[in-house]
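Since the structure of chain B is already known, use the hints to place chain H on it.
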Amino acid sequence: MTNSASDDDAPGAELFSLLDAYLTAIQCGDVNEQQRLLSLEPGLASWGNDLRDIDAFAKILSEPLAIPTQAPEVDESIRFGKYELRGELGRGGMGVVFRAYQPELDRTVALKMLTGSAFSSPDQRRRFAQEARLASRIRHPHIVSIHDVGDFGGQPYFTMDIVTGSNVALRLRKGPISTEQAVHWMIMIAKAVDHLHANGIIHRDLKPSNVLLDECDEPCLVDFGLARALDEFQDPTVTGTILGTPSYMSPEQAAGRIREITTRSDVYSLGAILYEMLCGRPPFKGESAFDTVLQVMEREPLPLRHWNRTVPRKLEQICLKCLEKSPEERYPSALELAHDLERWIRGESSPYESLSPITRFFRTFRRYPDAAYRLLALLPTLLIVVLRCLSAPNVSSISDYYKPIVVELSLWIGLSLVWEWQASKPGDHRWTPFAFLLTDIVFMTSILQARKKADISHVTAYALVLILSGLSLNRSQIWTAGLGCIAGYLCLLYSAEDFESWIVPIVMIVLLMCCTIVTDYQARRLSIWIRMKEAGQRQEPIKA
Amino acid sequence: MNSESSQLAGWLSLARQGDEAARNRLFEACRSFVAVTARVHLHRRLQTKVDPSDLVQQSMLEAHRGFERFHGQTPEEWLAWLKQIVQHNVLDADKYYRGAHRRDVRREQLISDPTSGRVDCLPADPGLSPSQLFSKAERELQVAVAIESLPEDYRQVVLLRNLERLSFDDVAERMNRTRGACQMLWMRAVEQLRAKLSEDLSLS
Numbered sequence: 001m002t003n004s005a006s007d008d009d010a011p012g013a014e015l016f017s018l019l020d021a022y023l024t025a026i027q028c029g030d031v032n033e034q035q036r037l038l039s040l041e042p043g044l045a046s047w048g049n050d051l052r053d054i055d056a057f058a059k060i061l062s063e064p065l066a067i068p069t070q071a072p073e074v075d076e077s078i079r080f081g082k083y084e085l086r087g088e089l090g091r092g093g094m095g096v097v098f099r100a101y102q103p104e105l106d107r108t109v110a111l112k113m114l115t116g117s118a119f120s121s122p123d124q125r126r127r128f129a130q131e132a133r134l135a136s137r138i139r140h141p142h143i144v145s146i147h148d149v150g151d152f153g154g155q156p157y158f159t160m161d162i163v164t165g166s167n168v169a170l171r172l173r174k175g176p177i178s179t180e181q182a183v184h185w186m187i188m189i190a191k192a193v194d195h196l197h198a199n200g201i202i203h204r205d206l207k208p209s210n211v212l213l214d215e216c217d218e219p220c221l222v223d224f225g226l227a228r229a230l231d232e233f234q235d236p237t238v239t240g241t242i243l244g245t246p247s248y249m250s251p252e253q254a255a256g257r258i259r260e261i262t263t264r265s266d267v268y269s270l271g272a273i274l275y276e277m278l279c280g281r282p283p284f285k286g287e288s289a290f291d292t293v294l295q296v297m298e299r300e301p302l303p304l305r306h307w308n309r310t311v312p313r314k315l316e317q318i319c320l321k322c323l324e325k326s327p328e329e330r331y332p333s334a335l336e337l338a339h340d341l342e343r344w345i346r347g348e349s350s351p352y353e354s355l356s357p358i359t360r361f362f363r364t365f366r367r368y369p370d371a372a373y374r375l376l377a378l379l380p381t382l383l384i385v386v387l388r389c390l391s392a393p394n395v396s397s398i399s400d401y402y403k404p405i406v407v408e409l410s411l412w413i414g415l416s417l418v419w420e421w422q423a424s425k426p427g428d429h430r431w432t433p434f435a436f437l438l439t440d441i442v443f444m445t446s447i448l449q450a451r452k453k454a455d456i457s458h459v460t461a462y463a464l465v466l467i468l469s470g471l472s473l474n475r476s477q478i479w480t481a482g483l484g485c486i487a488g489y490l491c492l493l494y495s496a497e498d499f500e501s502w503i504v505p506i507v508m509i510v511l512l513m514c515c516t517i518v519t520d521y522q523a524r525r526l527s528i529w530i531r532m533k534e535a536g537q538r539q540e541p542i543k544a
Numbered sequence: 001m002n003s004e005s006s007q008l009a010g011w012l013s014l015a016r017q018g019d020e021a022a023r024n025r026l027f028e029a030c031r032s033f034v035a036v037t038a039r040v041h042l043h044r045r046l047q048t049k050v051d052p053s054d055l056v057q058q059s060m061l062e063a064h065r066g067f068e069r070f071h072g073q074t075p076e077e078w079l080a081w082l083k084q085i086v087q088h089n090v091l092d093a094d095k096y097y098r099g100a101h102r103r104d105v106r107r108e109q110l111i112s113d114p115t116s117g118r119v120d121c122l123p124a125d126p127g128l129s130p131s132q133l134f135s136k137a138e139r140e141l142q143v144a145v146a147i148e149s150l151p152e153d154y155r156q157v158v159l160l161r162n163l164e165r166l167s168f169d170d171v172a173e174r175m176n177r178t179r180g181a182c183q184m185l186w187m188r189a190v191e192q193l194r195a196k197l198s199e200d201l202s203l204s
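Just so you know, the protein sequences line up as chains B and H, in that order.
No gaps in the numbering here: position 112 of the first sequence is 112 in the numbering used here, and each next residue is one more.
No gaps in the numbering here: position 187 of the second sequence is 187 in the numbering used here, and each next residue is one more.
Extracted from the complex, chain B is given alone in its bound form (with noise of 0.2 Å):
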């Protein structure tokens, strides 16, 4: 009702949508969304400022009641419980940060206030309490400290320890850092992340933002344990929303399956961490958080060295280890991994070195995905007609027949290979998928012809690939795939030789449309709800 046609038909419909999309971006900071719609429509440059000053009034709202000022000396109203806030420090992904002077006890500290509509229940606040509670126990020279936490006017709140400095996501910001000093962070973070987990405490949102470095280029864990207070109440797009990209989480906690997150867990989203540090980039990276979430799921991450050459090999695989898809395969504990680190750097032979064949099967399947699917529908059916070819009493016209089909299997084999080769290589690879889908139709195409006739089970093949390119969800590959397949059963009518009449056929060309569009509806449907769950994500800019 609210969605009908009309309002998209509206004249300045366009512009309504670019400019709705443009304030989205504002409001949420995306810098790099509001640069593309900017090479969209370069007239939305004129309403940016007026924008985004009105929305100047909008933070009064995401700040929390009794704020405090530039002007300290105000009066009592910048109290805030015991403290004295003095100044804003920084935003994360579940609040506001402020410099606050505790004057009981003489003391600055970090007080963060948790914002936003996480925590608007009674239950999800006291969960949150109950969880900073246990966190605040931890004292370890890597990991900052809690001192307390509680709840004032409503809003929750906890202190720690200021750390003046960066943070890891800044310094790669700044550019890149050498294999030894991330190899040596990532000794000290492990055993931080270690520590936590002795003590209880799975930290479940560990990310280069979240290791800061003191003065002494230290790294520092902050935020750990607070992440467990929002997935009891959230799906984990949502939580990505909060949390930030699910670029360092792993298969598990991206899935959502809370249960089954461990402290293996965290191994995981050090190893992401170690990616990044080494490569610049994290290991998944995709073009939405629903994008980033199912690379996480499904694809391998790509080697280190794809990247950055001067990784040695040996620390690669430790890396690898800890970005397994399978929590047995990744190390068993961080400590592990910090030892691990420290034998690499002694140059010391690891007992995890050597990798299992299934592990490095799996790796290479994930790694290349497209081929490793048709090679394995492929070559079994390669197999089954070499067998049935040798295997004739009468050879000579049964191989006739099956000859042609074994070159044009080899050949398909052998262009999905070099397609999957070339989508390996550096550059632009948006014509890949397109190569693959017009070859699997051409030499199913041209295997089928091989029986001279267009039975109905022959559509059912071009259906399927018809409905695998629906994966994509990219409407153009689900089009090519259409309108190919169409094709590839009108050659096969062509060459038909029992023809009869021209009833089943037209149906059947019907019938392939219908699924075309369905298909590409579905995709539509699916990206618009994406898009919907993406609107209010703020994405961190890319490190690259």
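Since the hints were derived computationally from the structure, they do not count as laboratory data.
One should not assume that every hint holds.
Heads up, simulated EDC-like pairs for lysine to aspartate or glutamate below, C-alpha to C-alpha not over 20 Å straight-line [claimed, not checked]:
1) B:K425 <-> B:D370
2) H:K196 <-> B:E342
3) H:K196 <-> B:D370
4) B:K82 <-> H:D19
5) B:K453 <-> B:E420
6) H:K196 <-> B:D50
7) B:K191 <-> B:D151
Every value quoted in this text rests on a predicted model; they were computed, and no experiment measured them.
This is chain H only, laid out in the frame that chain B set:
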């Protein structure tokens, strides 16, 4: 802009020296600012319970009475101080309704929970420091004047979409109109706002 900014600073310092006329001008110039601040807060929390104009009145009165206690120097500090007074009053009203009339407020939130449909994202990028936010005191006043001078329904749609950051589906629900109508209304409202902002709005 600069001359205006020094104008505001001038009134402020004169008012602090006891100049009654300058003080009145200062307050007059900031009334819209107080009003928009109040509206934004009330929209979110207590819209159904408190009339924004009451809150503006009360806050302006308190600012007048407590003027001696304001020790800041710059227009930015002044606006931040005003904002605090409004926030305090909102907090008081909030406490009052949460305490004595808790159930009523809850029931009304159930009908239309103002937080439920928010485009929930973090404000600004982390690089933006408060000093940068407040460095355009003058501009903030201009924007506030422009918002206040909009017709009622225009102001409403700007408050909901720009300031409360609701999606248009929720805006439509809150305004009891179709989504399309709200979108048109918003476009016109933003265009009018821009026109007003581009006029050289003098403070006096």
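Practice task
Below or equal to 20 Å on CA atoms is what counts here, so check B:K453 against B:E420.
Solution key: 32 Å, violated
Exercise for the section: Quickly compare the C-alpha distance for H:K196 and B:D50 to 20 Å and report which way the hint goes. Expected result: 11 Å, holds
Exercise for the section: Verify the proposed pairing of B:K82 with H:D19, using a straight-line Cα cut of 20 Å. Expected result: Cα-Cα ~37 Å, so violated.
Handout entry: Restraint status (C-alpha distance of H:K196 to B:E342 at most 20 Å)
Key = Violated. H:K196 to B:E342 sits at ~65 Å, over the 20 Å cutoff.
Practice task
Would you check the hint for B:K191 and B:D151, treating anything up to 20 Å between C-alpha atoms as holding?
Solution key: Distance of about 32 Å is beyond 20 Å: violated.
Exercise for the section: Assess, step by step, whether the Cα of H:K196 is no farther than 20 Å from the Cα of B:D370, and give holds or violated. Expected result: 57 Å, violated
Problem - Pairwise hint evaluation, B:D370 against B:K425, where the allowed Cα distance is 20 Å at most - result: 15 Å, holds
Hint check: violations occur at hints 2, 3, 4, 5 and 7; the rest are consistent with the structure.
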